[in-house]
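Colleague: Going line by line, the protein sequences match chains X and R.
Counting from 1, one number per residue, gives the positions in the first sequence under the numbering used here.
Counting from 459, one number per residue, gives the positions in the second sequence under the numbering used here.
Note that these hints are calculated values from the structure, not bench results.
No experiment lies behind these values; they were computed from the predicted model shown.
Every residue gets a Cβ at the ideal spot worked out from N, C-alpha and C, and that includes glycine.
A few of these clues could be false.
Going by beta-carbon spacing under 7 Å, a handful of chain X positions derived as facing chain R [what the hints assert, rightly or not]: (1) D70; (2) S74; (3) A76; (4) E162; (5) A237; (6) R358; (7) K361; (8) E420.
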Amino acid sequence: MTTNASQGQAAPVPMGLKALWLREDWWAIWIGLGVVVVGIILFLNGSTALKLLAVNPGGLKWANFGQLADHFASNAGRYAVQFLVFASIFGVTSAIMGINLRRFLVGFVFIYLLSVCMFAVGGWVNAAKYNLEPPLVALVVGLVLANTVPLSKVFEDAFRVEYYVKLGIVLLGATFPITLVATAGPVAIGQATIISLLTAFTIYFLGTRVFGIDRRLGAVLSVGGAVCGVSASMAIAASVGAKREHLYTSVTLVVVWALIMILVLPFVSQALQLPAGVAGAWIGTSEFADAAGFAAASTYGKMAGNEEVSIRAFTLMKVIGRDLWIGIWSLVWALIATTRWEKQETGAAPGIGEIWRRFPKFVIGFFVASIIVSFFTQGYDASTLKKVVKPALMDPIGALRGWTFIFCFLSIGLSTRFRELKVVSRGAFLAFSLGVVVNVIAGWLLSVRIFGDYWAGL
Amino acid sequence: MMTRGCCGNCGHFAAGPHSLESQVAGLKILSSAFGSIRDETGLCRMRDFFCMPDHHCPDWQERRTADTRGCAAPGAPGGA
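All chains should be modelled from the sequences, with the hints used to inform the complete structure.
Modeller: Now the structure itself:
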């Protein structure tokens, strides 16, 4: 292997500080923490601006269209301001990252109006009776539109699944006590470690030893199934010198299985009558991508009448537990590729810095938001916290998080055009699918049988 | 600084987020080329595989300026 250092060449300049304004992870942190800090300032000054901004029709329980129309008529100004705030923040930051502002705004109008409809459906008095949970409805409506209606390409710049979910996760931190992270984190990391290793080895060894797929493909699929889907696959693609078709294969398998699990896991959890926390942990152990997992966990949480606990358990398992493995796997596969596989003529020596470079930075925002709000609220007694602080500060932040998640779920559906997905080889399909089976069964055992009492009491 | 021979300043290297998302259809359904996990991973259009800016190979080709072929420094918005 030759490296730049060995040739006496200077190393390329890394992106460095530019990442602070060119990567959506950092924007999710700036915006999320900005909302938290501004929210606290407004609260301390007795302002209800945040509450006014966080309007949505999801909690209306309307029984006829007249009630719904009355709600929009009396809150038209709030919705107009809300749209302007969302459009300005997402539009400007996306433009700074290099996305065409005009195209983004056109697409965002579409996303926002659809989101209002999704919340309105969820606010119907009979919505729960027919399982019309907004996350699920958003996903299905998006899928149907993307695959049956010739949507203009102009809209696509606003379908930023990851950006929306990352901001949602940072906002989630504001309603997530840091003490819970401290007490539940070790269990989540332990469970995630078991799952990550088991699933990765299953996919890799079945793929390469039984089904004879390329070991680079095996590596890309193994982390895709074990950690966080396509993002993890992409993270190690350069480590192992994966071909473009390998990533295509990961995209297809992850998307198809993630969608299947969004649609199946909530209903299986319902059939098994799992407590919200247990189901959230199971979904966090079994889903691949954060966005898909939040859709499933949020859907089941609404079905079980305890969305907050379902989302908390999912977050602990997936975001805090499994996502943190990305950098480690990237380093491990880079070491394997450069020391155990054939000499890579394009390789550079992997280093421990790989773990930080691949770290999902938005998670930092989640922790900081949690610490800020936990610190701020510790001075209030339980009664004041419940009657004053929560309704004026935490609930509005939670409602804004709900908006970003709906933008995300709609974007998943609207971005998924099945005809564009690549046909994958039989070996890759079987290896990944068997990994999914192992993942789901092991996830169920850990979440229900072994740590069930723990997750149920979350 | 990037020097001759590094993928980061090679004409075959595509690391701009728009470029990656357009070259790997479906990438942005559940992921993003604008995320930090990707770091500066790019696609070698000659060998059709993924690599990093500090990698290098014998097929290095001088990159033309952004004005002539739409390339930009790795990671820059809209860069090729």
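Colleague: Take the hints in turn and mark each one as holding or not.
Modeller: Results of checking the hints against the structure:
1. D70: 38 Å, violated
2. S74: 38 Å, violated
3. A76: Nearest chain R Cβ about 33 Å off; hint violated.
4. E162: This interface hint holds because 4 Å falls under the 7 Å limit.
5. A237: Interface hint status for X:A237: holds (4 Å vs cutoff 7 Å).
6. R358: At about 5 Å, which falls below the 7 Å cut-off, the nearest Cβ of chain R leaves the hint on X:R358 intact, so it holds.
7. K361: 4 Å, holds
8. E420: Result: holds, 5 Å to nearest chain R Cβ.
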